[in-house]
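Chemist: Single-letter residue listing:
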Amino acid sequence: MMTQSPTADQASEGALALQLLPDPEPPPAQGLCPPVVAGKLDLLLLAVEALDFTGAEMMMMVVKELALVSVIPNRVTLWQLRAANPLRRAYNRRLLTLDQARALVLVLVYLAKRLTILIRQLLLADEQLQQHGVDLRHHPRLDDYCQRFRTHFRKRMNLHRERLQIYRDDDRLNLLAMDLLHQLLFCTGTCGAQRLWASLFSGDVL
Amino acid sequence: MSALVREYRLPHCTLILEGFSAPAGGALAVLIQMECYLPGLEQPMRGGSELLEQLSRTVSEYVQLFLSHREPRPVQPAGPVALEPVSHHHHRLRVHPELLQDGREPVQLDLTTIQLFDLLEACDQGMSDPQTLPDWHVNLVPRIPRTVKLSQQAVPAGVGLVTLSAAAMALALIPAPKIEPPRELRETAPSVSPTATPSPQPSPTPAAKPTALPPLSTTERSRLLIRLYDAIDAAWKEPISQDLSFRVWVNAQGQVVQFTPLDPPTGEEPRLPLAKLRQSGPPVADFRVVFRRSGALEVSPY
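Protein chains in written order, with this note's numbering: chain A, 1 to 206; chain B, 207 to 508.
None of these hints come from the bench; they were simulated from the model. Check before you lean on any hint, since a few could be wrong.
Claimed, not checked - Stretches of chain B that chain A covers, calculated by requiring three or more beta carbons in the stretch to come under 8 angstroms of a beta carbon on chain A:
no.: 1; stretch: 319-325
no.: 2; stretch: 330-336
no.: 3; stretch: 343-349
no.: 4; stretch: 486-493
What the hints assert, rightly or not - Which residues of chain A face chain B? A partial, calculated answer using Cβ under 8 angstroms:
no.: 5; residue: L16
no.: 6; residue: Q19
no.: 7; residue: P22
no.: 8; residue: P24
no.: 9; residue: P28
no.: 10; residue: F53
no.: 11; residue: Y91
no.: 12; residue: Y110
no.: 13; residue: R120
no.: 14; residue: L123
no.: 15; residue: H132
no.: 16; residue: Q194
no.: 17; residue: R195
no.: 18; residue: S199
no.: 19; residue: G203
As the list claims (entries may be wrong) - Calculated from the model, a selection of chain B residues having no Cβ within reach of chain A, i.e. all distances over 12 angstroms:
no.: 20; residue: P217
no.: 21; residue: F226
no.: 22; residue: Q249
no.: 23; residue: E277
no.: 24; residue: P278
no.: 25; residue: S371
no.: 26; residue: Q461
no.: 27; residue: R499
For clarity, every value in this text was computed on a predicted model and none was experimentally measured. Note that CB positions come from ideal geometry on N, CA and C, so glycine has one too.
Make a model of the complete structure from these sequences and hints.
Modeler: Shown next as structure tokens:
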């Protein structure tokens with residue numbers, strides 16, 4: 001009993017964190033989230049990966065650290081949850097359960113908080129560049145982020161879809177990358193998880 | 207009951223709450239004054255609990271819309287605290303003077319997204335702090351816009367129905383085509399009788415042209431061609447002044463059975479040997495025969 005208690009405590013801790021995010025109103029059919037939820041979360045996770053080389057590996061570690069293994073037991077599940085994004089090439093037509101979506105929110109917010117300083121630096125740099133009318137390609141760190149985001153996006157999203165055709169253009173994709181960076185900033189706040197969670201169910205993926 | 211000050215300090219925004227605690231506990235229970243410092247403001251915004259409540263509510267709503275739709279949308283444009291987008295990442299905050307302690311003029315300033323975030327974060331920290339104004343807290347419940355979704359789906363379906371009915375009405379105006387047998391079939395059908403109609407053409411050639419010839423192998427056809435050539439070549443003695451060509455049918459022995467001129471008559475036809483060579487028998491093949499005025503003879507498959 002003594003050896004099992006820490007894991008049991010951890011699991012309940014994770015469950016507690018999930019409960020902080022309330023059920024949407026009205027409750028969704030069969031407790032499944034609409035596809036837009038998976039789409040938005042996946043794009044934000046893509047932005048985190050573009051910010052941080054280790055982002056993809058970190059995700060599974062964060063799942064363990066936040067004691068969410070009961071919801072996301074392994075890497076394959078994590079990949080399947082991300083492939084529920086309808087814009088993906090490998091779209092699997094799944095719908096996330098509320099707890100799966102909550103777990104992804106918590107992981108994303110954790111990763112974003114780790115990157116708070118970097119996110120603020122990049123956004124400040126972007127503001128300054130815009131004030132002086134300078135293209136963001138002249139800022140190495142920003143250019144790096146946008147370039148990695150473009151690569152990830154084009155590799156994983158289905159660009160044959162009519163809605164995504166505009167993202168064959170680098171500038172349009174850079175704008176999307178910067179928009180997602182602004183969204184990540186709001187995830188770093190004290191109520192980041194609640195705010196992100198409450199915003200997921202309305203609006204469109206893109 | 208003691209005076210308390212809570213300060214939430216962010217890089218671009220500082221929020222200071224002054225008040226006193228309830229007799230029972232140490233939490234800040236009653237707000238006397240709030241101060242909010244933002245870049246671009248000469249004087250901090252000072253006000254009471256109403257300013258704090260309106261400001262935090264407007265900012266919170268604005269940010270939620272921004273997060274949902276990835277573009278800013280105006281919130282409470284006519285309210286005491288208004289936030290409207292100036293551009294994609296610039297936001298205009300307006301505060302009515304009646305909420306401000308010492309303000310005769312409304313506050314208006316443009317915030318960048320980072321400044322807006324700091325203002326939101328200062329409020330969020332206060333709202334999440336159990337030691338500060340327990341009634342002032344974050345209340346965020348996700349809402350699924352079901353009605354909006356239904357109407358969004360109804361629009362394309364409605365457009366489809368309208369288009370379909372319009373197309374159906376337009377097509378109904380077009381008369382349905384009558385089904386008639388092809389003209390050739392109707393005309394040839396009665397003339398299948400064995401007595402072939404004689405041609406009114408006053409040509410020396412018989413008019414009843416055989417239309418269907420038996421299929422022949424290439425070698426057989428070449429053999430007939432050579433025989434025909436030899437026969438005409440041997441018989442043609444008299445020269446002509448203009449080229450003349452004919453379609454010539456032959457029998458299985460390569461002898462001329464019928465012929466018909468392909469050029470307008472010149473009066474020199476009797477000089478040619480075709481009429482003399484004519485034999486009887488069923489035609490098996492047809493050829494083009496050209497008599498050149500140079501004296502050359504050409505025979506080719508028709």
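Chemist: Hint by hint, say whether it matches the structure.
Modeler: Each hint, compared with the structure:
1. 319-325: holds (count 3)
2. 330-336: The restraint on the stretch 330-336 of chain B holds, since 4 of its residues have a Cβ under 8 angstroms from chain A and three suffice.
3. 343-349: Coverage by chain A holds here, the residue count being 5 at a Cβ distance below 8 angstroms.
4. 486-493: violated (count 0)
5. L16: With a minimum Cβ separation of about 16 angstroms from chain B (threshold 8 angstroms), the hint on L16 (chain A) is violated.
6. Q19: violated (14 angstroms)
7. P22: holds (5 angstroms)
8. P24: holds (4 angstroms)
9. P28: holds (6 angstroms)
10. F53: Violated - the Cβ of F53 (chain A) stays beyond 8 angstroms from chain B, reaching only about 25 angstroms at its closest.
11. Y91: violated (20 angstroms)
12. Y110: violated (17 angstroms)
13. R120: holds (7 angstroms)
14. L123: holds (5 angstroms)
15. H132: violated (14 angstroms)
16. Q194: holds (5 angstroms)
17. R195: holds (6 angstroms)
18. S199: At 4 angstroms from the nearest chain B Cβ, S199 (chain A) passes the 8 angstroms test, so the hint holds.
19. G203: G203 (chain A) check passes; min Cβ-Cβ to chain B is 4 angstroms, inside 8 angstroms.
20. P217: Check fails; 8 angstroms does not lie beyond 12 angstroms.
21. F226: holds (25 angstroms)
22. Q249: Holds, because the least Cβ-Cβ distance between Q249 (chain B) and chain A comes to about 25 angstroms, which exceeds 12 angstroms.
23. E277: violated (8 angstroms)
24. P278: Contrary to the label, P278 (chain B) does not stay out of reach of chain A, its closest Cβ about 10 angstroms off (not over 12 angstroms).
25. S371: Answer for S371 (chain B): holds, closest chain A Cβ roughly 27 angstroms.
26. Q461: holds (71 angstroms)
27. R499: Since the minimum Cβ distance to chain A is about 70 angstroms, R499 (chain B) lies beyond 12 angstroms and the statement holds.
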